[in-house]
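*Asks:* Single-letter residue listing:
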Amino acid sequence: MNMRQIVIGASATAAVLSSLFNASAAFAQAKEQFFPVLVYRTGAYSANGSQWANGYVDYLKLTNARGGINGVKVSFEECETAYATDRGVECYERLKGKNGGGTVFQPLSTGITFALTEKAPVDKIPLITAGYGRSESQNGAVFTWNFPLLGTYWVGADVAIQHIAKKEGGLAKLKGKKVALVYHDSPYGKEPIQILQELGKTYGFDVLLLPVAHPGVEQKATWLQIRQQKPDYVLLWGWGVMNSTALREAQATGYPRDRMMGIWWAGAEPDVKDVAEGAKGYSALTLQHGAEPGSKVVREVLDLVYAKGQGTGPKDEVGQVLYMRGLISAMLAVEGVRKAQERFGKGKVMTGEQVRWGLENLNLDQKSLDALGFAGVMRPVQTSCLDHMGSSWVRVHTWNGSKWEFSSDWYQADEKVVRPMVMLASSKYAEEKKLKPRTPEECRK
Amino acid sequence: MLYRENGQFKTTYAADQQTFPIAQDRWAILAILAFAFLGVPLFVDEYLLRAILIPFLILSLAALGVNILVGYCGQITLGAGAFMAVGAYAAYNFHIRIEGLPLLLTLLFGGVAAALVGIVFGIPSLRVRGLYLAVATLAAQFLTDWVFLRVPWFTNYSSSGSVSVANLQILGWQIAEPIDKYLFCLSWLTVFALLAKNMTRCAAGRQWMAIRDMDVAAEVIGIRPMVAKLSAFAVSSFFVGIAGALWGFVHLASWEPAAFSVDRSFQLLFMVIIGGLGSIMGSFFGAAFIVVLPIALNQFLPALGRLLGVTVSTAGVAHAELIVFGVLIVFFLIKEPHGLARLWSTGKEKLRLWPFPH
Amino acid sequence: MGFFFETLIGGLMAGMLYSLVALGFVLIFKASGVFNFAQGAMVLFAALAMARLSVWIPECLGIDGRVLGNTLAFVVAGALMFVVAWLVERFVLRHLVNQEGATLLMATLGVAYVLEGVGTSVFGTEVYKIDVGMPKDPVLILEGSFEGGLLINKEDFVAALVAALLVALLALFFQKTSTGRALRAVADDHQAAQSIGIPLGRIWVIVWFVAGLVALVAGIIWGSKLGVQFSLATVALRALPVVILGGLTSVPGAIIGGLIIGVGEKLSEVYLGPYIGGGIEIWFSYQLALVFLLFRPQGLFGEKIIDRV
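Residue numbers (the numbering used here), protein chains in the order written: chain A, 260 to 704; chain B, 1125 to 1482; chain C, 985 to 1293.
Next comes chain A alone, as it looks inside the complex (with noise of 0.2 Å):
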């Protein structure tokens, strides 16, 4: 390759790239709400990273064919982090600026969750982690820009130990006990220990900790220790490859499934369709989603949507437990979206900080969320400027060699358990960083 033809290529590659920034620009002019998807669809988690993914863009499109957000057309771009948080990053940075600005982001990660975390209050843009995150950024005093909606991973297991202590009739009778965590060895697997550790205290039973390196296929040390230590149960903190690889391993090493639970990141399709009957029995926690393809939204999105051909992924995929979580993310993003044009003026683009107010404000009781076809699939939740998570609702989903089932009633954290456990973290934070937590006058303003 000589100088002329180095030359030339770099001049060529300098031109399509200034012409993108110029397209780019051009896009800026319209009026639309613009939502920024973070999603993985390649890499070691796709399987699980696609479902959602199809849900939350679906749900964009449906708000789009019902007319947009008061008369607001939603667009939306996504950009594949693969789950590393330095493209998570990259992401972010070129999003949030795009198309008259990002309202919400959604990292998916708990890695890229940390990162924004501390980005966002900079650029004033919300961050929705509906379900996973960091626990302890429910308290909106301190953590002002995060809201973990519908729920966090000490939820998961506070409703974890309460449906084993119902199994066993009663937390009097987990005295004695072993409870085994079989963790993904990162922040979203660790997440649990504290508060497991803190339950185990109260009400004497023995967790039995057992990290699995990413990206998990290699577990037999894992089930050999539980096969050895025979814990009564086995909690599943696992994610992609990993779950299906611990249910395989479990039906290798003959250990019950019907005792084993796995947090909602171990219980879709995509974890246990290929062991199929040998996952018989095991049961999953659903914070507020589960299969649910025969609910009002899901045909609403198949005739308004897939009918078109607009349709993001496989049609037979739509309702299941992912996408349905990927949907309701998307929803309360919009939502909080509608809620900010009740006070800052309807059928305008909102910015990050009036969808900030929306989403502190947010107010889906059951009659909205019949209007939003999501009846029976998910409770009221509420926000307040304090409490960023708005609701605690756990079901219990099992799987019965070919599809999930409901199997248990609503459950509802323990908020004498999990509330002083989010203080004190959350003051540690912002003792750190030297933050001052908002007042009650600051929410009101």
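The set of hints was computed from the structure by calculation and includes no laboratory data. Predicted model, so just to flag it, every value in this text is computed and none were measured. Please note: incorrect hints may appear among the correct ones.
Here are some of the chain C residues that sit facing chain B, going by a computed Cβ distance under 10 Å [claimed, not checked]:
1) Leu1080
2) Ala1086
3) Thr1087
4) Ala1096
5) Leu1099
6) Gly1103
7) Thr1104
8) Thr1109
9) Leu1224
10) Val1227
11) Gly1261
12) Gly1263
13) Ile1264
14) Gln1271
15) Ala1273
16) Gly1283
Just some of the chain A residues that point at chain B, by a computed CB distance under 8 Å [claimed, not checked]:
17) Arg300
18) Ala341
19) Asp345
20) Glu349
21) Arg353
22) Gly370
23) Glu377
24) Arg393
25) Asp444
26) Ser445
27) Gln453
28) Lys693
Beta carbons are placed, not taken as given, at the ideal position from N, Cα and C, and that holds for glycine.
Place chains B and C on chain A using the hints.
*Replies:* Coordinates of chains B and C only, in the frame set by chain A:
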């Protein structure tokens, strides 16, 4: 015509041995530095700074460190990510445990900690060589991944194991805005690049190169392999550790061990080999190539699709990105196995004769 | 005591599978001096092809029956691996003759990216299953001798048998056929082999193809155990300590190394893990390999490195 050194007479040894003996090079470096410090801040936007320039500067620093070890001393390493992690976590601990420690010292101490760990993991290099060593350095990678996940002391007992820092400042200069971060990283890189350039020209650098070219022969002429190899490990890890600390403190501000995973190690080795082994300039080229290419592809491919009238799905783009990235790497390795730096020096040679090549 | 044996057996079985991946590394390194980081991607690619083809082919041809479908899929996947081998030789290796080890290593990483990209975009990114009829449920043996008996996983057992069989076949191929002899000649000395008329290019295609077949078998076994999914590519990282422990150039080394690593990491995780926090097997296997290397820098069975000045 422009790039010619006739008529530049060196009358003193000092002039003959200066870092950049050719006047044009000196001016070019000064111009680039002036541009980087004064020009760039004028017209870049926040996205360029945060998503491209800052990562580029930090990873260039890391690549410089890796290049010292791999390119100058010939010890292949796949554990560079580990030393970034050590640098970042050590700096974090100095930051929170010693009240009022200046930021500069914090970062430097992070580098020193990485250097010490580097020496320990350099010891196998005295026995083991080549690809065996490369795989052996992975031991460092997996061990540090584990340590920072499992030992709560290092992460100040945070429940999830990730850590964060805030309020960075030096003598009242708040490093908060992207432009400050950019200038901060750029200053580090400038100092360390000059340091590396000179280090490779002094006795230590010559020893490293002798070891790289033939370690038995080097030993015969009186170079102590232990000193040379371990010093290369130490200096390299020091650079990489500081880069890691900057990556954590300045770029991410909040991180977990996965930020310095084995993928990062591969990425750094890529930079060095694509850029050019044993070339300071090459480290920059390599870092630019590896940082910019995936992002550019990610934005360019959908645009290309639009041009041709097809919408490419996100997954499709990501896959195409992988394929094109892989193909380009193979292509560059075939076209120029000695890296982009070699293209650069060929270009310079041509420029010397221009416009009258023989 | 029973539990110790169970762990030991579990380790041996896992080790056998590591050996299978390690074998792919060794074959290619022996014949072309390339440290093939794409081996993991090849396992993924082959397994993806196998998983999807075993569904697509019966659907397309309208045939029924798992055995026939799987056989056809295996043949087609094997043919695909041949194409991969040919492409790699034609477009990569041929142009990189006589380059340094590090450059070649990076080139194979490039190949790995391409294989991952092509594999996932052609065959999809979901979790797929390979159903070759491996038994899934455990059996208890020797219940008389140990309390609670020994739990053996039939699937692991079959997998280990297949791996052992494959190794035996490869040994036969290397020792007894003329192609095998040519391969060994190339491994010993490229130039000498070329000078007596062995076509290097063709030998490389064959070696990569054989490594591809080994990857296919490894992919089928792992895939049937775990489901075929992107993470399969990372099994290569688990097999690396095996390769350096056994020696880069030794087929028996890959086997013995695999067994040592497999047993070492399982025992360490079960008996040492609980005391220091668990999750140690991956770094432990690397440290184990490192300790061996300190005594034998060329691996247990590697060729002695001789320095000449």
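*Asks:* Next, verify each hint and record whether it holds.
*Replies:* How the hints compare with the structure:
1. Leu1080: Holds, because the Cβ-Cβ distance from leucine 1080 (chain C) to chain B comes to roughly 6 Å (cut-off 10 Å).
2. Ala1086: Because about 6 Å separates alanine 1086 (chain C) from the closest Cβ in chain B, which is inside the 10 Å limit, the hint holds.
3. Thr1087: Holds - the Cβ of threonine 1087 (chain C) comes within 10 Å of chain B, reaching about 5 Å at its closest.
4. Ala1096: Holds: closest Cβ of chain B sits about 7 Å from alanine 1096 (chain C), inside 10 Å.
5. Leu1099: 8 Å, holds
6. Gly1103: 9 Å, holds
7. Thr1104: 6 Å, holds
8. Thr1109: 7 Å, holds
9. Leu1224: Result: holds, 5 Å to nearest chain B Cβ.
10. Val1227: 7 Å, holds
11. Gly1261: Holds, because the Cβ-Cβ distance from glycine 1261 (chain C) to chain B comes to roughly 4 Å (cut-off 10 Å).
12. Gly1263: 6 Å, holds
13. Ile1264: At 6 Å from the nearest chain B Cβ, isoleucine 1264 (chain C) passes the 10 Å test, so the hint holds.
14. Gln1271: 6 Å, holds
15. Ala1273: With a closest approach of 7 Å, the alanine 1273 (chain C) hint holds.
16. Gly1283: Since the shortest Cβ distance to chain B is 7 Å, the answer is holds.
17. Arg300: Where the cut-off is 8 Å and the nearest Cβ of chain B is about 4 Å from arginine 300 (chain A), the hint holds.
18. Ala341: 7 Å, holds
19. Asp345: 7 Å, holds
20. Glu349: For glutamate 349 (chain A), the interface hint holds, since the closest Cβ of chain B sits about 4 Å away, which is under 8 Å.
21. Arg353: At about 6 Å, which falls below the 8 Å cut-off, the nearest Cβ of chain B leaves the hint on arginine 353 (chain A) intact, so it holds.
22. Gly370: 5 Å, holds
23. Glu377: Glutamate 377 (chain A) check passes; min Cβ-Cβ to chain B is 4 Å, inside 8 Å.
24. Arg393: 7 Å, holds
25. Asp444: OK, holds: aspartate 444 (chain A) within 8 Å of chain B, min 6 Å.
26. Ser445: 6 Å, holds
27. Gln453: 4 Å, holds
28. Lys693: With a closest approach of 6 Å, the lysine 693 (chain A) hint holds.
Checked against the numbered hints given earlier, this structure breaks none of them.
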